[in-house]
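Here the structure of chain A is known, so what remains is to put chain B in place on it, guided by the hints.
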Amino acid sequence: MSGAIAKAFARAKARGEGALVAYGMAGDPDLPRSVDVFTAMVEGGADIVEVGVAFSDPIADGPVIQGAAERALKAGSTLKRVLDEVVPELHRRCPETPLVIMTYVNVIMAMGEERFAKLARERGISGVILPDLPPEESGSLRATFDASGVDLIPLCAPTTPPARAEAIAKDARGFVYCVAVAGVTGMRAELPADLSQRLELVRKASSVPVVAGFGISTREQAHTLSAHADGVVVGSALVRAAHTEGPQAARALCAEIKRGLKR
Amino acid sequence: MNTQTAVGRFGRFGGRYVPETLVPALMELEEAYAAARADPTFDAEVAQVLREFVGRPTTLTPARRLTEAWGGAHVWLKREDLAHTGAHKINNTVGQVLLARRMGKKRIIAETGAGQHGVATATACALFGLPCEVFMGALDVERQALNVFRMRALGAVVRPVESGSKTLKDAMNEAMRTWVSQVEDTHYVIGSAAGPHPYPTVVRDFQAIIGRELRTQAQAAFGKLPDAIVACVGGGSNAIGVLHPFIGDPSVRLIGVEAGGHGLDSGQHGASLTLGTEGVLHGSRSLVLQDADGQIQEAHSISAGLDYPGVGPELAHLAKTGRMEVRTATDDEALASFYEVARLEGILPALETSHAFARGRELARELGAGKYLVINCSGRGDKDVATISARGVPPAVGVKP
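Respectively, the protein sequence lines represent chains A and B.
Under our numbering, the first residue of the first sequence is numbered 1, with each subsequent residue one higher.
Under our numbering, the first residue of the second sequence is numbered 1, with each subsequent residue one higher.
Extracted from the complex, chain A is given alone in its bound form (with noise of 0.2 Å):
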């Protein structure tokens, strides 16, 4: 298991604030560029890096990050690509930061499990998020990543049965990725009412921190989670600062997002 990802949770901890898990779409505008936009947002405060690798059929995601995958697959950005040109180089600029590959099912596959669990392990990548990989399906891939230590990071959604995300939480890996809204990715205003039930549920269950995902953009919605998650991811925000305003914008909404996590 990956000692990486618990010691930038620990990290925040001491500083009495909750992990800002940051999403970025590698490849987007093209490789060498969104290694800028990753640093930007580890310069802002993000305790965690999450490198989306695109999919051409992205079910989990809106619009604004299905948007960067299709820049970045025009880019050029490909699993391996991005493991060669964007982690090494992130990795260099960010030694201390934990790496977290998102994508889907398939584009790992496409790789091979094993090839994919070698390379990552080798480039720095500290754990992996597949939204299309439900527990049911993540045996033998689970059982790949664990042996070369690279962490399976579980989802719970908001759907998930108490039962059910008990059971997830027990035997994550890494940390405990919390679906805040039944949707895809994207900003939302408000949050559901009951999201801090469902984190506390979780949490208590889990060995690892438990972050809280989708629909997170705002200071004030940081703030209220922190109380109840160890951390919260913020993906579509990012992405669409960083497209529309360049890394010093990521960096900005970044540093934003902390101010609010302090507890």
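These are calculated hints, taken from the structure and not from any lab test.
Keep in mind that this is a model prediction, so the values were computed, not measured.
Any given hint might turn out to be false.
[Claimed, not checked] Distance condition first, Cα-Cα at most 25 Å in a straight line; then the derived SDA-like pairs of lysine to any residue: (1) B/LYS224 with B/GLU366; (2) B/LYS166 with A/GLY67; (3) A/LYS170 with B/GLU28; (4) B/LYS224 with B/GLU362; (5) A/LYS74 with B/GLN295; (6) B/LYS106 with A/THR159.
[To be verified] Output of the computed footprint for chain A on chain B, the stretches with three or more beta carbons under 8 Å from beta carbons of chain A: (7) 77-89; (8) 172-180; (9) 294-302; (10) 357-371.
Glycine included, C-beta positions come from ideal geometry on N, C-alpha and C.
Chain B alone, transformed into the frame defined by chain A:
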């Protein structure tokens, strides 16, 4: 015969690769479906609607002039084009909408390629009074204008999808995204025997009425089971429906015909069983058209219903195990067959169906005289007349231009 090797699995294929948000809904659907199947009143209700509204059983028609022209086996047609709304799709939408109503769902969403599944879903929703929203690739909205009108006339909302290749694959992505955000009170009627478990099983079971009727009708018409059955394959719902009841009959050759598009070497086709590789698309592991990096490739076919880069997992299993033979027909071959069938049998087959006919001639000859070949006539060509007539109509038989 049971091809399911584990829950939701057909050999290496199948499964449930979806966002966690949808997993509980799929489990609920699986349970509700099992309960419905165990309840004789549900079967009776479906059967009654199929009889009274859909017009089942559809006929088994001898194709005498095709038989003569092809010079081989006796050719018979299973006439799904005579089902209400003009294609086999209605068998499944009636079943699923009744199931959704039983589950207390408040509204229905669906995706459609050629528009036949959209029309069939809109029809079932009108019949049972449920609101209906249909996602359709913007390109398909354009080339299937008649079906778009029909859906709207039936009260459905048609949502053109502008992303990706603007065809069926993208419509399915959008329907899934929408379902994720409305999963509590919405049922997603998938029209192909594809998607996450239990859809491939549910769709296959509702479509298997085609093959069950054919068994009885073949015995009555020519005193034995057919020697071969051929069906076109996009996602594969008409194929699995007509073929499934014969899987355990080794004397019956099962043949699927995929879209060869501009040709298998052109890179523009829909032949996922022939040239696809193992992957995960729209919730199940199957054979898909993809590049070496796992990006799904755009399919091409003159028929919107075969323009899909994946295929149902059970058909992938049947193809890989050799139980089903797989062939392809190009756009041009399908077009030629469209006219051949129109002029020899007085039937305008859908462009999808025309692919099955395109392989009929050689199959009839391979089988030889005295054998029986059944072609599943999956749908009517009315919806395709704009596409087809745009290429110019060849002169009539025996009439000088």
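### Query
What hints, given by number in increasing order, does this structure fail?
7 and 10
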